[in-house]
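Here the protein sequences line up with chains A and B, keeping their order.
Residues 1 to 196 in full-length UniProt numbering are what the first sequence lists, from first letter to last.
Residues 1 to 196 in full-length UniProt numbering are what the second sequence lists, from first letter to last.
It is worth saying that the hints were derived from the structure and are not from the lab.
Any given hint might turn out to be false.
[Claimed, not checked] Just a few of them, taken from the derived set where beta-carbon distance is under 10 Å, the chain B residues facing chain A:
#, residue
1, Ala86
2, Leu90
3, Leu185
4, Gly188
[To be verified] With a cut-off of at most 25 Å between alpha-carbon atoms, the simulated BS3-like pairs for lysine-lysine come out as follows:
#, chain 1, residue 1, chain 2, residue 2
5, B, Lys168, A, Lys135
6, A, Lys23, B, Lys135
7, A, Lys23, A, Lys51
8, A, Lys21, B, Lys56
9, B, Lys18, A, Lys23
10, B, Lys23, A, Lys23
11, A, Lys23, B, Lys124
12, B, Lys168, B, Lys23
13, A, Lys18, B, Lys23
14, B, Lys124, A, Lys21
15, A, Lys168, A, Lys23
16, B, Lys56, B, Lys35
17, B, Lys23, A, Lys56
18, A, Lys23, B, Lys56
19, B, Lys56, A, Lys56
20, B, Lys135, A, Lys179
What you are looking at is a predicted structure, and each value in this text was computed from that prediction instead of being measured.
Quick reminder that beta carbons are idealized off the backbone N, C-alpha and C, glycines included.
Each chain, written out:
2 protein chains.
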Amino acid sequence: MNTTGQTRKEEIIKTAAKLFKEKGYSAVTMRDLAKALNMKAASLYNHIDSKQDLLKTIIISLAEEFTRGMETIKSSDVSIIDKLRAIVSLHVNITIHNTYGMASLNNDWMHLEDQLEYYLSLRKNYEEDFVEIIKSGIEAREIRDSNPEIIMFSILTTLRSLYLWLPKKDDLNREELAKNLGDVLINGINHQSITE
Amino acid sequence: MNTTGQTRKEEIIKTAAKLFKEKGYSAVTMRDLAKALNMKAASLYNHIDSKQDLLKTIIISLAEEFTRGMETIKSSDVSIIDKLRAIVSLHVNITIHNTYGMASLNNDWMHLEDQLEYYLSLRKNYEEDFVEIIKSGIEAREIRDSNPEIIMFSILTTLRSLYLWLPKKDDLNREELAKNLGDVLINGINHQSITE
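Just chain A, with the same shape it has in the complex (with noise of 0.2 Å):
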């Protein structure tokens, strides 16, 4: 461990998804990498196999991370209106704790191999898990009755890019932040439509 409670392992795979967010994962080296580690790239060999491993390792633990959050969320005993919240939050709340791991899992997912189609299934879960909470939300009169994948793509797309922006908002709290969200892509903009 080094003096902030990283183990070497933890701190590689910080830099790697620093340098991929940079300059992308392709044009990355493992000597780049070495480099700004500064340790030589033989060292490196000894804590991880290759790029590779490092790319899986940070998009599938994200991936994994969301499909985790997904599960709680759909099974918990609370309005869809509260569950789309939660959804705002778990992504405002990962994007917050892991910014460059985020640009890698949404620029350089289609670098994975072995495990591509792993991610691609638990993407396509997390998006149908979406459209199904969405769905339900329609049939109980929670949620207006409008197309339910353009109801999920319009708030998925506003998530997804939340790493792009975050970064330049440091006077934003997280929890102000998911608060104010989840008004805009909730209870829309539309002062007309305040009800409280």
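Given the coordinates of chain A, assemble chain B onto it according to the supplied hints.
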């Protein structure tokens, strides 16, 4: 002109945009482009100067189209909500018309060389105009009093991702899509907030 009424140059631009989308700008060679067009690389240079020339044409013409659209919307004498609906339609129409170009705009703008500054200034002005419209809507109490930048971010990221999503939705016509998406973005999805 060929049988579809496109000039040879238009055909080259369109094919380049398709290749840039599929492989990313950096990975596409003039040889790939010539092959896709069934031309000799040498003849390609009768029509265009370089790969950079193509990228510039694709991205700058789209960015200018958005700028002109925004100018028209800004100066139009309609409500703020209608201006926002017009922005949604602008993005839907441009994206339907040029899905591949929109992929380049989103993914390859950083590869622009001498036109990079110009592109960034167009984008910055567009975002500033967008925020100004939202702010005046909040002042006029047409838009609920929430953080104008969160509102802008939330709407614009959805609109910017349309190119990923539209090609899969052949069953939606563009008016229907613009209407639905505008409803979701402006009025939200909360059934409680429906006022009509």
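Right, here's what the structure says about each hint:
Here the hint on Ala86 (chain B) is broken, as its CB sits about 15 Å from the closest CB of chain A, past 10 Å. Evaluation of the Leu90 (chain B) hint against chain A yields a violated restraint, the C-beta minimum of about 16 Å exceeding 10 Å. Because the closest C-beta pair between Leu185 (chain B) and chain A is about 6 Å apart, less than 10 Å, the hint holds. This hint holds: Gly188 (chain B) has a C-beta 3 Å from the nearest C-beta of chain A, less than the 10 Å allowed.
Annotation: proposed proximity of Lys168 (chain B) to Lys135 (chain A) holds, straight-line Cα distance about 20 Å (limit 25 Å). Distance restraint check for Lys23 (chain A) and Lys135 (chain B): the Cα-Cα separation of roughly 36 Å exceeds the 25 Å cut-off, and the hinted pair is therefore not satisfied. Note on Lys23 (chain A) and Lys51 (chain A): the hinted pairing holds, with a Cα-Cα distance of about 14 Å set against a maximum of 25 Å. With a C-alpha separation of about 24 Å, the suggested pairing of Lys21 (chain A) with Lys56 (chain B) holds against the 25 Å cut-off.
Restraint check for Lys18 (chain B) and Lys23 (chain A): satisfied, since their Cα atoms lie roughly 23 Å apart, inside the 25 Å limit. For the given pair, Lys23 (chain B) sits about 17 Å from Lys23 (chain A) by alpha-carbon distance, which is consistent with the 25 Å threshold. Taken as a hint, the Lys23 (chain A) and Lys124 (chain B) pair is honoured in the structure, with Cα atoms around 23 Å apart against an allowance of 25 Å. For the given pair, Lys168 (chain B) sits about 19 Å from Lys23 (chain B) by alpha-carbon distance, which is consistent with the 25 Å threshold.
For the proposed pair Lys18 (chain A) and Lys23 (chain B), the alpha carbon gap of about 23 Å is at most 25 Å, so the pair holds. At most 25 Å may separate the alpha-carbon atoms for a hinted pair to count; Lys124 (chain B) and Lys21 (chain A) meet this at roughly 22 Å. The suggested pairing of Lys168 (chain A) with Lys23 (chain A) holds, with an alpha-carbon distance near 19 Å, which does not exceed 25 Å. In summary, the hint linking Lys56 (chain B) to Lys35 (chain B) is supported, as the alpha carbons are separated by about 21 Å, within the 25 Å threshold.
Simply put, Lys23 (chain B) and Lys56 (chain A) have alpha-carbon atoms about 21 Å apart, close enough for the 25 Å limit, and the pair holds. Simply put, Lys23 (chain A) and Lys56 (chain B) have alpha-carbon atoms about 21 Å apart, close enough for the 25 Å limit, and the pair holds. The straight-line distance between the Cα atoms of Lys56 (chain B) and Lys56 (chain A) is roughly 34 Å, outside the 25 Å bound, and the hint therefore fails. This hinted pair checks out: Lys135 (chain B) and Lys179 (chain A) have alpha carbons roughly 19 Å apart, not beyond 25 Å.
Of the numbered hints stated above, those contradicted by the structure are hints 1, 2, 6 and 19, listed in ascending order.
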